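Undergrad: For reference, the chains in residue letters:
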Amino acid sequence: MLEQMFYLANGQDLTGIYPRIILRDMVPGETRNPLTELRRGVLEYCVLAVVRHEESYAFDIVRELAGAGELVTSEGTIYPLLSRLRRDRLVTTTWRESDAGPPRRYYRITDEGRRALDGFRSDWARFRDAVDALLAATARGGKDGG
Amino acid sequence: MEADALVRDYLGRLEAAAWPLAADRRGELLVEVREHIESALAEAGNRDEVTARNVLERLGAPEEIVAAEAETGQPAGWMPPSPGPADRRAGWGLIEVGALLFLTVGAIFLPIVGPMVGLVLVWLSTEWTTRQKSIATLIVVILLFLPVLLLLGVSVGSTSSGS
Chain A
1 MLEQMFYLAN GQDLTGIYPR IILRDMVPGE TRNPLTELRR GVLEYCVLAV
51 VRHEESYAFD IVRELAGAGE LVTSEGTIYP LLSRLRRDRL VTTTWRESDA
101 GPPRRYYRIT DEGRRALDGF RSDWARFRDA VDALLAATAR GGKDGG
Chain B
147 MEADALVRDY LGRLEAAAWP LAADRRGELL VEVREHIESA LAEAGNRDEV
197 TARNVLERLG APEEIVAAEA ETGQPAGWMP PSPGPADRRA GWGLIEVGAL
247 LFLTVGAIFL PIVGPMVGLV LVWLSTEWTT RQKSIATLIV VILLFLPVLL
297 LLGVSVGSTS SGS
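If you read the protein sequences in the order shown, they are chains A and B. Going by the working numbering, the first sequence opens with residue 1, and the numbers climb by one from there. Going by the working numbering, the second sequence opens with residue 147, and the numbers climb by one from there.
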């Protein structure tokens with residue numbers, strides 16, 4: 001029982017520290033980049049924006065996001081994101097026959113996804129304006145001071 | 147041929163990296179990535195080594211894709227638990243560490259006195275529930291008196307067999 005108490009004490013201490021280490025170590029070189037953190041929060045809404053008006057094939061979604069520049073560094077990481085959006089019911093999928101090869105899964109936004117996207121749209125506008133205003137103000141201040 | 151070998155190798159690495167994911171999601175991810183590669187090669191209209199290398203490079207390292215999967219909160223065996231319980235344990239201080247030391251190492255170097263001090267510390271701590279404290283106390287009491295009971299039992303046994 002004492003051993004068990006020890007084990008619990010150690011085990012619980014570890015849970016607080018390990019996850020972050022594992023996650024960070026798994027993507028070497030990306031940890032210090034502030035853009036990585038930004039992308040992480042924003043990318044799912046970009047996916048929703050892409051599928052908002054028309055049903056899309058995963059490959060085309062990835063290509064459109066990658067084509068926008070800045071948003072995607074590794075195209076493969078979009079697939080885990082699409083999987084989560086499916087799970088969260090922000091998108092829904094349909095299998096369709098394909099001219100070339102096996103049937104393909106097409107993604108379409110749901111009502112819930114549309115609401116999430118609309119909410120993000122206004123949040124983002126306010127966020128972007130706030131950051132822009134602050135950066136502009138401090139840039140001017142810096143010049144005046146120097 | 148060279149391109150196909152590269153793709154096979156990449157998918158093999160992805161499969162190896164994806165072992166912590168739930169089995170159904172792992173299979174799905176492999177199919178998705180394979181399809182992506184096929185579509186990209188078809189789009190390029192070329193299946194040579196350079197094209198394949200470019201396609202795979204744009205995809206990113208297999209480990210990176212699996213790490214992204216972990217970040218989306220996919221329930222899998224290795225997924226880190228929420229930080230909630232860890233936060234509660236932030237209160238571990240001198241009293242708790244001291245209690246554990248006195249109950250374990252203390253029992254060897256300070257027989258009887260060590261565990262007693264440990265118990266006092268256990269009851270002083272606010273980190274453990276009354277139930278946990280009671281269990282610890284019960285264990286210590288039993289362990290302390292077990293030798294005495296055993297000795298009594300042996301002596302009773304020997305006297306009864308002697309008579």
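Simulated from the structure, these hints should not be mistaken for laboratory data. All of these numbers come straight from a predicted model, not from anything done at the bench. Treat the hints loosely; a few may be bogus.
Pair ranges (Cβ atoms, derived) [to be verified]:
#1 B/148 with A/42: 34 to 40 Å
#2 B/217 with A/138: 47 to 53 Å
#3 B/269 with A/133: 55 to 61 Å
Cβ atoms here follow ideal geometry from the backbone N, Cα and C, with glycine treated the same way.
Undergrad: Are the hints correct? Go through all of them and say.
TA: So, going through the hints one by one against the coordinates:
1. B/148 with A/42: 34 to 40 Å: Holds, since residue 148 of chain B and residue 42 of chain A (Cβ atoms, about 38 Å apart) stay within the stated range.
2. B/217 with A/138: 47 to 53 Å: This hint is violated: roughly 32 Å between Cβ atoms.
3. B/269 with A/133: 55 to 61 Å: Holds, at about 57 Å.
Hint violations for this structure: number 2 only, all remaining hints satisfied.
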